[in-house]
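Visitor: Residue numbers (full-length UniProt numbering), protein chains in the order written: chain V, 1 to 253; chain C, 1 to 253; chain G, 1 to 253; chain F, 1 to 253; chain E, 1 to 253; chain Z, 1 to 253; chain R, 1 to 253; chain X, 1 to 253.
What the hints contain is simulated information worked out from the structure, not anything from laboratory work.
Each hint should be verified, as a subset may be incorrect.
[Stated by the list, open to error] Covered by chain F, according to a simulated footprint, are these stretches of chain Z (three or more residues, beta-carbon under 8 Å): (1) 134–148; (2) 155–161; (3) 188–200; (4) 204–214.
Cβ atoms here follow ideal geometry from the backbone N, Cα and C, with glycine treated the same way.
There are 8 protein chains.
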Amino acid sequence: MQTDSMDVLLQKVKEGKITIEEAKTKLSLFEDMGFAKVDSNRESRTGFPEVVYGEGKSAGQIIEIMKALQLKTNRVLATRINESKAGLIMESIPDLIYNEEARTLYWRHEEETEFLFDGYVCVVCAGTSDLAVAEEAAVTAEAFGSPVKRFYDVGVAGIHRLFYFLEDIKKAKATVVVAGMEGALASVVGGLINNPIVAVPTSVGYGANFQGMAALLSMLNSCSPGISTVNIDNGFGAGYYVSLIHKNQSNQE
Amino acid sequence: MQTDSMDVLLQKVKEGKITIEEAKTKLSLFEDMGFAKVDSNRESRTGFPEVVYGEGKSAGQIIEIMKALQLKTNRVLATRINESKAGLIMESIPDLIYNEEARTLYWRHEEETEFLFDGYVCVVCAGTSDLAVAEEAAVTAEAFGSPVKRFYDVGVAGIHRLFYFLEDIKKAKATVVVAGMEGALASVVGGLINNPIVAVPTSVGYGANFQGMAALLSMLNSCSPGISTVNIDNGFGAGYYVSLIHKNQSNQE
Amino acid sequence: MQTDSMDVLLQKVKEGKITIEEAKTKLSLFEDMGFAKVDSNRESRTGFPEVVYGEGKSAGQIIEIMKALQLKTNRVLATRINESKAGLIMESIPDLIYNEEARTLYWRHEEETEFLFDGYVCVVCAGTSDLAVAEEAAVTAEAFGSPVKRFYDVGVAGIHRLFYFLEDIKKAKATVVVAGMEGALASVVGGLINNPIVAVPTSVGYGANFQGMAALLSMLNSCSPGISTVNIDNGFGAGYYVSLIHKNQSNQE
Amino acid sequence: MQTDSMDVLLQKVKEGKITIEEAKTKLSLFEDMGFAKVDSNRESRTGFPEVVYGEGKSAGQIIEIMKALQLKTNRVLATRINESKAGLIMESIPDLIYNEEARTLYWRHEEETEFLFDGYVCVVCAGTSDLAVAEEAAVTAEAFGSPVKRFYDVGVAGIHRLFYFLEDIKKAKATVVVAGMEGALASVVGGLINNPIVAVPTSVGYGANFQGMAALLSMLNSCSPGISTVNIDNGFGAGYYVSLIHKNQSNQE
Amino acid sequence: MQTDSMDVLLQKVKEGKITIEEAKTKLSLFEDMGFAKVDSNRESRTGFPEVVYGEGKSAGQIIEIMKALQLKTNRVLATRINESKAGLIMESIPDLIYNEEARTLYWRHEEETEFLFDGYVCVVCAGTSDLAVAEEAAVTAEAFGSPVKRFYDVGVAGIHRLFYFLEDIKKAKATVVVAGMEGALASVVGGLINNPIVAVPTSVGYGANFQGMAALLSMLNSCSPGISTVNIDNGFGAGYYVSLIHKNQSNQE
Amino acid sequence: MQTDSMDVLLQKVKEGKITIEEAKTKLSLFEDMGFAKVDSNRESRTGFPEVVYGEGKSAGQIIEIMKALQLKTNRVLATRINESKAGLIMESIPDLIYNEEARTLYWRHEEETEFLFDGYVCVVCAGTSDLAVAEEAAVTAEAFGSPVKRFYDVGVAGIHRLFYFLEDIKKAKATVVVAGMEGALASVVGGLINNPIVAVPTSVGYGANFQGMAALLSMLNSCSPGISTVNIDNGFGAGYYVSLIHKNQSNQE
Amino acid sequence: MQTDSMDVLLQKVKEGKITIEEAKTKLSLFEDMGFAKVDSNRESRTGFPEVVYGEGKSAGQIIEIMKALQLKTNRVLATRINESKAGLIMESIPDLIYNEEARTLYWRHEEETEFLFDGYVCVVCAGTSDLAVAEEAAVTAEAFGSPVKRFYDVGVAGIHRLFYFLEDIKKAKATVVVAGMEGALASVVGGLINNPIVAVPTSVGYGANFQGMAALLSMLNSCSPGISTVNIDNGFGAGYYVSLIHKNQSNQE
Amino acid sequence: MQTDSMDVLLQKVKEGKITIEEAKTKLSLFEDMGFAKVDSNRESRTGFPEVVYGEGKSAGQIIEIMKALQLKTNRVLATRINESKAGLIMESIPDLIYNEEARTLYWRHEEETEFLFDGYVCVVCAGTSDLAVAEEAAVTAEAFGSPVKRFYDVGVAGIHRLFYFLEDIKKAKATVVVAGMEGALASVVGGLINNPIVAVPTSVGYGANFQGMAALLSMLNSCSPGISTVNIDNGFGAGYYVSLIHKNQSNQE
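Isolated chain V, as found in the complex:
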């Protein structure tokens, strides 16, 4: 609900600039497709356009939603798209970029600049097996205009690999830390840098890992402050979050 312009809206009704029906329509800013109600107002409310979560949606549904979004915004991202679905979608929508590792589809209007903000965010990742989640984070942040530096396979079993890259990590605007197994990397990075960390537990591991529960609890209980956490394997959420921090910092300038 475009609550932020309630004043303006009411003012316009009073002044007869818009009819009551028009005012009501303003309150329902979405496109109704039956199976979905695309939120065409989200960018103005939350700073970023709606992102298509591909899991459990058919290629046909995704195509319809992405096309609708292309009319409203210059940057369209879809996540959790497997390869076969991606193929079908790309046949219908030109100029999409598919990232196999991250399982994302991305479209940017040809006149839209690639990067919108100065500086960069970074994505730090503990192990080779966590790459898919790390890439989802990186691609998401890039989709919303943030340059991204990637530091992969720098887990604490060989902590010198992390120290080697520490200076670059410290200069980021915000940092995503991706780790499975015991997720200790988040705490270690948290004790060493001064920009906000978004920790992403991954479901990588076995046995008493419980599909990422071990890393999740580890990150939530970190002894280092300056860390917040998103859902297990939620690379998208973390990439979105650091890009949001990045954007708001840029808006300050």
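Position chains C, G, F, E, Z, R and X against the provided structure of chain V, taking the given hints into account.
Guide: What follows is chains C, G, F, E, Z, R and X alone, placed relative to chain V:
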């Protein structure tokens, strides 16, 4: 480890400006009290000085640590301090401010400015029972220099209360959302604003709430992006985090 | 056990109107098929006939049970029927309607009216991925004679979509709210309407969702009253329940 | 948000009958007490006035809230009030009725009728140890105008006790079933009656009961339809719910 | 419900030997005390009289129930009675025996034989800390007429202690094995004897024991057959069960 | 370890009737196949021969073990054998009986009597979907010589079906109750009969059933005594247990 | 069971050097106190004498057991002894040393050497709040003859503190790492040293720590090899384990 | 980070023996392959070279990493390699040994001795189904130079099988105990031997086993000391650990 100045450190050794022993000392920047090793280097590493977590420490131990910190930094915060412990500590250290609701002790050097950054962060809280956690978040953010706006008891059972304050929340630099029970407030706010949200689940509730588990899972699984989560009842962590975002934004300017 | 007519039963025995053996038979009102004992007395006890839960039953078993039920009642519903099983069953039993989304098979006697009660119940659903469960609820309520209004994809990430339809939801006799992920929609609707809500958590989500646990806990702990909950993905149970409320209201008139 | 009168509201603005400021005020119908924002609009939205949840609130806070509610509504209920708190509150507010078993405080305006609806709801309870929760349910339903019949200690270990009262239970408008331990009573009652059942698991039990988890899971997984569930020990929620069903039925007539 | 004599009952009604009212009364064999409905028919149904579970009942309530039971049966047992409650009850009911370790009160009619069956059951217990649960099992079995042999502190850390007593354990009619911590004793005994074992996990332990969960899972997953399990700390249930086996064996003879 | 004959063993050593080496051999009564050590001494220790658990063993391994057992005992049972594995095994070992529902292979020496004990045990089962587990229990009890009566699909949603068969269930020597979903059947049967019940939770259900957890907790927390529980889906364990009770009763006579 | 000397035992029986009765006695090497069976044979079996676990034992019981142990061994340790119990025990047994932090009582025969092995083990501890568990580990290792070096409060939030002491930790024979919260310290140390690590999770933390569950899972899932884990708060187990490694190394020399 | 030679490193910088750039390089001892950063410094830090965890890595990635490791160390081990992946890898790298049961690939330089230490470690395993995990442990220990004795299928259901091999187990330098289901074997062995035990719970089991949780909790809560635990199914971790103990003992000599 002052890894960021490794270059400089090695350069100085080479140039004979410092001895090897001095270099080694630089690598061990803490004060050893036996029961604790106070991290006197943290502010330079992570942007904020060490905070004393009072749970499980005696009044005597806390006094010793706070005094050590007063020599190194201008802002000293201790959390999880119950009333009787607070009394004992305040007898030994003058000029402490005790916040009963938040259970925090705070000291600021007399020459230190109260607020360090422009704008404000805000703390939004679902119910009256979540106040202690919300206050811990607010006091922490203030301790590190952020002005704070509080919006309490605006849970989704009466969602118009939230809408009433929405404009102010949207203008914040970052937002803490504190909620117990089912924690739905975080998702609702997440769909309405464009600054980063740190969600704090509280242990308020009963039965299948499982000491905050319900709210924690709710927040981690939020359908709204732009939300990250800290541990149950971790008001401190959330306040610290939004202040860190606030600080970094200010540094941009 | 037709306990409610125990008086009558005993009276008849005393008056010699029925033999002891007949009386005993009355106490065992079911059809014994070996693998199943179809409860031919359920409609008189609980208001609705037995529904066939298709999971783990063979097509042959389902056919046998549905045919037995067709002799006793005018409305026969089978749930959790996948497409291939449905095909086999429809070859043996004419006039069945298969709903692919809901995975239900439904048969209504040709002389039976479609809708039995005035007014309507409604099914509100958070996301596109929750459709299967929402449809199971809707189809079930319709099977038992309730007109149903559907409001899909109105989750709290774009809460204005819900407000758009609120007037219609408020006029329902009872409301099913279906939501996965964090399930916040139930609480939000609960704070806005005055008819009884049955919340259905779905297993839609990933990571710390734990196959619907997050939404289930969220709904059980809702800060809004007027909400009760059924099992994860139990669209059938919710549709049955609102239709039962609807039926009892109609019986009042 | 009084969304249901949005049309009217906008119409009035257009016609100049109310100012924009007044319209905005309409959107914020609550009383701000700092620590709480009393929802004075709830009765018109959800059918019943706000109920005071006493846990974690001081006697002083409860007094203030109850007094505010007395000005807006004729029936004020507070739950989870222990004996000592109740004493303090009753000193400040006359004419309150305290129910020790249910731990509720209740006030009804002297001109308000005790019961508002015809017929009755019933509360069925498995064991003596579940009485407190059962009474909370019963008192809540009574507070909102429903006559209540109580059937206590009729658990399945001696199932003939249940059958003895079955006729009366079947005639209720809706039924609360309260059970701890394994919660089997809900399923058994569910197979025997035709009015909607709200099951309340209690935390009564030990060992692998896990504070009511066993009964909760049992009720959620009931093989009998016509059962929905509320949180563990949530007698209030169940009483509220059956009274809401009762009220809506009465409104039909 | 005296279902087992349904034939007889109906026959009697037919023959006019009992009235319909009398027949109905037969179906409701309990004593209604308001707060409790004492099951005076249980012994004829299940072989043993009702046992009073003392937890959550007042001394007054227990006295009333025990007195009612004394009129119906020769052996009355109450469990989970703490010392102070026991004192109050013993003031009102003479000839009760209180077992401090087991926290049971027991009464046997003066003309009733102490032991009713030949042979014995045995209670095997892993550690000194499990004694209370073991004693509850032993006292319960004795209360129902079984002689009991006790073998305590024979856990697997010193397995030779178990072997020392093995011959006596093998000669028992049935065996209770009580163990906390990891509960391994049940599996070891299960591989060595040929009478039925009832395993009782206790809540003794700490950390990842989770109040008996470790021992419970261990016993349920035993690699030795011939073991069934009761709830954590449920010494009563195990004692009852082995005495039931013992009784049925005796009835064979 | 043939501990029960330790006396005899030592006596024989002393008397020179067996050598030390022979005595040592007596202590290791198993057949070593490398991948398995078949326990040829189990029947004398525990009353029944070793049963082959087929899960995770190859057809070849099972053949080898079953052949070894055929040399030692007259009754060989293998459980958890899927159809294709069963085919392979039956090609190598003649006279095996495969039960598809129960997934068991059974062999009885041609001179061995089918049933060894008088009377019968019974297997009571809640729903059609629980049949596989119920059959595993029934086949196991038969394998060890117990006649079995089966009562399937008599769950509590239509409790009159249970009452119809109650007399027969009461006359059994011991009773297996198999139930999924909420497992309430065990408690209901437990309140009505006087022979020992072994409850088997099944993994039938969905959502908050958690693969049988709901039924397991329900059975462990039963308010009816006379019930013990085995692992989820452990039909074998329950059949073994009731047959063991049956055997020991017969030995009394 | 002195199984290791079975040969010898049988030989002696054969040679008539001991009687059968004596041989049987050898198989039961414990002291029977009724409430406890003290394992006087443990030192010869497992390398260390039995340790008294004080939780849930009375002062009187502990005194009796310790006195029995003093007759058999030169080093007696009791753990989980609170201060008041310690006082009572020390009145009865002279020369005991009580460690308040570790809550242990220790006695060493006056002629017994304090340390038995060369080199040392070390105990590394993350935070001040973990001290009690760390001390229990340290005291236990010392009780069995290992010199111990302690490095406390060196958690990963200030990882330079750990590096400062790393050389000494690397020279240990084995290392105990004690950590609460997210337990990341174990993984970090595991990546840096080459002696075996025993990780002890502590229950220090709050919220989603779940009484040590977070640290436990973290340690079990460590990405660094060379780490094994004991139960939450089990300082004793860890101290025992490193001392056992230490002892066996010394025996090599 | 080669922290142990920090002194030396700084000394060399001072003396101009290495440049600052070289010193920095020393701090980053890994080979960067993009997707992985192979830890070429691990052997000097932790005593054993890096092991390749095959799960979630492609054959190509594994080949690249193994080849890199072959240049640095004489013993290369890869775990969790399924048969088809193994085939691909063996085509590219000669002289690899694939163990199907353990799913490991192993390479030893032709001039490297097979066994490095005297004596042996042993792997004790409860059931045939646990073989894969047991073999992973055995193969790992052998890979690092320890001779291994295997004792398989000696679970507690037939405990005489364990006693038969006890003397050999007691003579080991360290012992791995592998068990699924209830994991009781660890406790039993723990009470009988005097070398350090590493317990490995396996995910073998069903129902309330919860993929190894039962065995894991059992082992963590063992009543026998001298046991530490690794993750469920972590045969590698256990084999590594006992070999590490073995190595350190050998270094003593």
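Visitor: At a Cβ distance under 8 Å, does chain F reach at least three residues of the region 155–161 of chain Z?
Guide: Holds, because 5 residues of the region 155–161 of chain Z bring their Cβ atoms closer than 8 Å to Cβ atoms of chain F.
Visitor: Examine the region 204–214 of chain Z: at least three residues should have C-beta closer than 8 Å to a C-beta of chain F.
Guide: holds (count 7)
Visitor: If you look at each residue in the region 188–200 of chain Z, do at least three have a Cβ nearer than 8 Å to any Cβ of chain F?
Guide: holds (count 4)
Visitor: Check, residue by residue, whether the region 134–148 of chain Z contains three or more positions whose beta-carbon lies closer than 8 Å to a beta-carbon of chain F, and give the verdict.
Guide: violated (count 0)
Going through the hint list in order, the structure does not satisfy hint 1, though it satisfies all others.
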